[in-house]
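Chemist: Chain residues, written in single-letter form:
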Amino acid sequence: MSMTRLEIQQEIKHLKERYRNIQTIPSNKIEIFTEFLTKIYGRGQRSIVAVNEINLKVESGVHGFLGPNGAGKTSTINMLIGAISISRGRANIRGFRAGSIKSRRIIGFLPQDPVFYKNMTGMQYMMYMAQLNGLAKHEARHKIQDLFRTLELEDAQDRKIGKYSGGMKQRLGIAAALVHEPEILILDEPTANLDPIGRAKIIEKIKALSKRMSVFVSSHILSEIEQMCEKVTIINRGSIILSDTIKNIKEMYSASENVFILDTNANNRVLLALKNKESVTKAWIDVNDNKIHVVPSNNKEFQEIIPIIMAESNAVLKGFFQQETTLQDIFIDLMERQERRYYD
Amino acid sequence: MTNSYSQQTYRENQDLYYRPKRRKISTLIIAKKTLLFDLFSIQKLLASVFFMLIVPIVAHSLVTVPADTSIFDEGYLSFIIYFYTYGLVFPIIIVASAGPLISEEVNSGTMLILVSKPIDRTRIMIGKFIALILFGMILSICTLSIISIMASMSYSTGEIPLFFGIFFIYSMCVLLFFGGFTLGLSGIFKKPKNVLLLPLLIVIFTFLIMFIFRPMLIMSEAYEDYQLYHLDIGYHLGNIYLGIVETFIPTIWEVEQFITVFAYFGLLKFEWIYNEQGYPIGTETNPSQYYPPSISFLLMTMMAMILLVIGTFMYYKREVSV
Numbered sequence: 001m002s003m004t005r006l007e008i009q010q011e012i013k014h015l016k017e018r019y020r021n022i023q024t025i026p027s028n029k030i031e032i033f034t035e036f037l038t039k040i041y042g043r044g045q046r047s048i049v050a051v052n053e054i055n056l057k058v059e060s061g062v063h064g065f066l067g068p069n070g071a072g073k074t075s076t077i078n079m080l081i082g083a084i085s086i087s088r089g090r091a092n093i094r095g096f097r098a099g100s101i102k103s104r105r106i107i108g109f110l111p112q113d114p115v116f117y118k119n120m121t122g123m124q125y126m127m128y129m130a131q132l133n134g135l136a137k138h139e140a141r142h143k144i145q146d147l148f149r150t151l152e153l154e155d156a157q158d159r160k161i162g163k164y165s166g167g168m169k170q171r172l173g174i175a176a177a178l179v180h181e182p183e184i185l186i187l188d189e190p191t192a193n194l195d196p197i198g199r200a201k202i203i204e205k206i207k208a209l210s211k212r213m214s215v216f217v218s219s220h221i222l223s224e225i226e227q228m229c230e231k232v233t234i235i236n237r238g239s240i241i242l243s244d245t246i247k248n249i250k251e252m253y254s255a256s257e258n259v260f261i262l263d264t265n266a267n268n269r270v271l272l273a274l275k276n277k278e279s280v281t282k283a284w285i286d287v288n289d290n291k292i293h294v295v296p297s298n299n300k301e302f303q304e305i306i307p308i309i310m311a312e313s314n315a316v317l318k319g320f321f322q323q324e325t326t327l328q329d330i331f332i333d334l335m336e337r338q339e340r341r342y343y344d
Numbered sequence: 345m346t347n348s349y350s351q352q353t354y355r356e357n358q359d360l361y362y363r364p365k366r367r368k369i370s371t372l373i374i375a376k377k378t379l380l381f382d383l384f385s386i387q388k389l390l391a392s393v394f395f396m397l398i399v400p401i402v403a404h405s406l407v408t409v410p411a412d413t414s415i416f417d418e419g420y421l422s423f424i425i426y427f428y429t430y431g432l433v434f435p436i437i438i439v440a441s442a443g444p445l446i447s448e449e450v451n452s453g454t455m456l457i458l459v460s461k462p463i464d465r466t467r468i469m470i471g472k473f474i475a476l477i478l479f480g481m482i483l484s485i486c487t488l489s490i491i492s493i494m495a496s497m498s499y500s501t502g503e504i505p506l507f508f509g510i511f512f513i514y515s516m517c518v519l520l521f522f523g524g525f526t527l528g529l530s531g532i533f534k535k536p537k538n539v540l541l542l543p544l545l546i547v548i549f550t551f552l553i554m555f556i557f558r559p560m561l562i563m564s565e566a567y568e569d570y571q572l573y574h575l576d577i578g579y580h581l582g583n584i585y586l587g588i589v590e591t592f593i594p595t596i597w598e599v600e601q602f603i604t605v606f607a608y609f610g611l612l613k614f615e616w617i618y619n620e621q622g623y624p625i626g627t628e629t630n631p632s633q634y635y636p637p638s639i640s641f642l643l644m645t646m647m648a649m650i651l652l653v654i655g656t657f658m659y660y661k662r663e664v665s666v
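These protein sequence lines map, in sequence, to chains A and B.
Take 1 as the starting number for the first sequence in the working numbering and just add one per residue.
Take 345 as the starting number for the second sequence in the working numbering and just add one per residue.
With the rest of the complex left out, here is chain A (with noise of 0.2 Å):
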């Protein structure tokens, strides 16, 4: 059956009206994207490379970003989301340039410290943000409730935001950040600025959201960031370190520095004795807990002679595991490195 002239058109303003808020995505998994990502504050002799050419893929769900502070971390957040001019590169959230309006339209923004306008009250100041994201007034209300009961703040919707506490400010911002219900939240230290209770409150939300968007945080507080994130980018100096699944890098850290400990009744005897042994590379006393640490050079070979070493040494097994690494003991090793190179 053909179609005349003016149906091919009336079909064509249709397909246009229809698939005219269909984005153009980068591919089923990746949210943001960067390449040579860099910025420079200042221009000449004076010039700071802040973020130096970095190569950036967050994949869905929740993804770290850590470095100590003066890192890059909020600079590269800020041109993500187009607050700041981008100096060299390019970066794409979810295949639109960032900080233009489309890739604004499907994030959401936690700032680092967030302001708010004192003279607001919470629910002012989440409609304002609401509407600022396009939403009708009712439509508005209504999720604005919903953010209030689950971030509780129900009781403090009525007061000035002046007269908020911390923790309320920042369960606000979420709140703010979220009210769009946006695909991708980018979270500014998150936790900056709370106390404990309230870090850990933040966290439960943090992870609660996760399964329905992907989150992309910032910190420097890592235990957090362990609790959070499956995958992470560490930055340092503006440029990025390590970026891989927290597993990934714990095994390999784990691989390259394995470390035993060992509390006996007699460590210095026993410490005498592991360090003829052939399996083991290195042993010490530790200042901190005054038990034996051990790295062996072969694991197995190590763990069948320590009844040997205990019955040598006349002494008792009080204790024996391996030591964990956690994602900050990585951290730190891994800014020593740095460091070190850096000064070299």
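Hints listed in this document are in silico derivations from the structure and should not be mistaken for laboratory results.
It cannot be assumed that every hint is accurate.
Here are the simulated DSBU-like pairs of lysine-lysine, each with C-alpha atoms no more than 30 Å apart in a straight line [unchecked claim]:
(1) Lys118/A x Lys388/B
(2) Lys201/A x Lys160/A
(3) Lys376/B x Lys160/A
(4) Lys231/A x Lys205/A
All figures in this text were calculated on a predicted structure; none of them were measured in a lab.
Chain A is fixed; fit chain B onto it per the hints.
Modeler: Frame of chain A; chain B shown alone:
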């Protein structure tokens, strides 16, 4: 690294990535928020109206005018309102209100959240400008309403609506100039105090310093010889005001009591009268007419708009971070 994947359209995910069309009214939302939370408060409005009215009220209470006198024939109240209310206080309030609108938000950190929202920065600027205009309108209407009630007790009531209308139109010109000018600077400078400095200096220079020195420059003919009127904002504003008055009252130039004071703003020039032997025997005042009022208005508006455009551009390019 290739970016070929970024060109792919995943139609199979259309439901996942389909988003409803967003409403494009963010400019008005920003205007509403700026008006209600940044600019307007009952205390601020009352204080502003008080300062705008205190001198006219005191002056009015000191002068007695015969019943049914035309407010335009007896020109002192008009001049006080022109000079004090809309020459000094109103511009200062507008400058002080417009100055922090962008710079303060950038400085405090609230702008970071605002720019992460899907709104063009130009819309933020326009929204704030709309709010400023609305605030100025409300302030002007409140002030003029009180003055009109007060004036209707002494002057012929038939002319009060005209008096109200003329000043309202003039106040909008002042608002457009000082508001646009200051908001433009707010987009350029980072610190609010730097934003306020230049417009406040303009107000003080135009309406206080030049008010003293301009007559001297006019009498010495330097004002005309060096064509200082081109750069004299006081002259242009006076020209606009008299242009508005003339539109509604074409005979206003004949009302000596109303017009004479505008000599202080360069709108009149003194010319010597010579006798038959060529000796000066006195002076007469004539309209200077350096510029038509419409051109003065265009100049002022263009100046403010150019600065507003530059300010918007600078704000567009500005790095927003805490």
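Chemist: What hint numbers does the structure not satisfy?
Modeler: none
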